Amino acid sequence: MKVGTRLTIKWPPNDSLLEYAEDRFKRLIEAYVWFNPHLSLRGTWFGREFLNVKATNSNWEKWRPCNPTSPHWYDESRLQRYLAAHVARDRDLGQRRTVREFIAEFRGLSGSAVQRKILAEVGCSHQSLAQFFGVDQVNRNNIAELLTAMCRYSKPVAPKHLGMIGVEHLKQRLLAAGGNLDTFKYQCRKGMTSEGIPYVVEVAFGLHQSGLSLNNATVPRRFITGANWSAGINNPFRAFGSTGEGLESTLAKVRANANQPVICALHLASAHIQYADRGKSSIILTDNAEQPDD
Amino acid sequence: MTNPRPRNIANDILDAVETATSKWTRQKKSEERHPGMVRYRVSRMTKEPRTTQKEAAWQIMTEAYTAASGGTRRLPAKAR
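Protein sequence lines, in the order shown, are assigned to chains A and B.
The first sequence begins at 1037 in the numbering used here and counts up one residue at a time.
The second sequence begins at 2 in the numbering used here and counts up one residue at a time.
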């Protein structure tokens, strides 16, 4: 391997638990290919290759962790936590960072003229970040002022900049999974939350080839879900808001439940996703959804 | 047609799923009412949509513009 990552998991032989998990494990690995057009992936199971997929678009781009964040993605408490993390890290490394250096890390605020305006408005020129954050107690008022000023001098990030998987890649994945291309449907929704966080929802749907044959031997549903280009271990859209109903009940209403010969992929890209657990198996969507009628 | 749902992530997910599956849902509901409708599944699910005027126009747009501009392709071209 010249460029890339190799991950090997050693497991005790003759473990029935692993045999039981084999199918789910393979499907989880394969799901990553659905959400990453730039990914070439080869998987082997006890020396036997089960997956070998080439990237459909090696130049595909998405918003990466190394890209600058936008001030519009923060509220006061989130910015406060972000500042606290910076101050703690600086203390650990014995560094002294200024507020100007902190501002320069944000998207659209790398110019010195803009930085000067913000510093003048908040009144923290030449101040160290630790001093600005507060020595005895957190300086909440100044942090709120800083956030307001940073938002004023930078533009919100358009949802399309987060990265879109696109119709062509999903078409190819559906075809590789045994789907019928004539039944392929793609839907995309781009938007901003009420807090100004951009998001992109992409859905691909199609019938498995066996669903078009008139005999009853059909394969069960193939359902791939993920968020921010990572596949979910389970369906992470288990509940929408206070209604308690999730994506599974929606799929049942649109006749795409687990017994149907359909292939369905759903991906959510967002600058801020809240998970209900450490394993990131369930996403907290506080918005209430209006479920379709039966 | 206006979308009656307010825009948020949850509603957008539902809206996208409903729209993507609409043809299949219609077909399955029809099969539930009349099991014999299963024989029309292939034709209904794979029917090609009709060609729109826009699609037809785009198919010859480059050729038409080249012909209209005398092959130079340097004349201004605007949508209206």
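Keep in mind that the hints are not guaranteed to be accurate.
[Claimed, not checked] The calculated DSS-like cross-link candidates involving lysine-lysine, where the alpha carbons are at most 30 Å apart (straight line), are:
id : chain 1 : residue 1 : chain 2 : residue 2
1  : A       : LYS1221   : B       : LYS29
2  : A       : LYS1090   : B       : LYS79
3  : B       : LYS29     : A       : LYS1207
4  : B       : LYS29     : A       : LYS1196
No wet-lab data here; the hints were simulated from the structure.
In this text, all values refer to a predicted model and were calculated from it rather than measured experimentally.
- [ ] Below or equal to 30 Å on CA atoms is what counts here, so check LYS29 of chain B against LYS1207 of chain A.
- [x] 23 Å, holds
TODO: Quickly compare the C-alpha distance for LYS1090 of chain A and LYS79 of chain B to 30 Å and report which way the hint goes.
DONE: 40 Å, violated
Does the structure keep LYS29 of chain B and LYS1196 of chain A at a Cα separation of 30 Å or less? 34 Å, violated
*Going straight from one Cα to the other, do LYS1221 of chain A and LYS29 of chain B come out at no more than 30 Å?*
16 Å, holds
Of the numbered hints stated above, those contradicted by the structure are hints 2 and 4, listed in ascending order.
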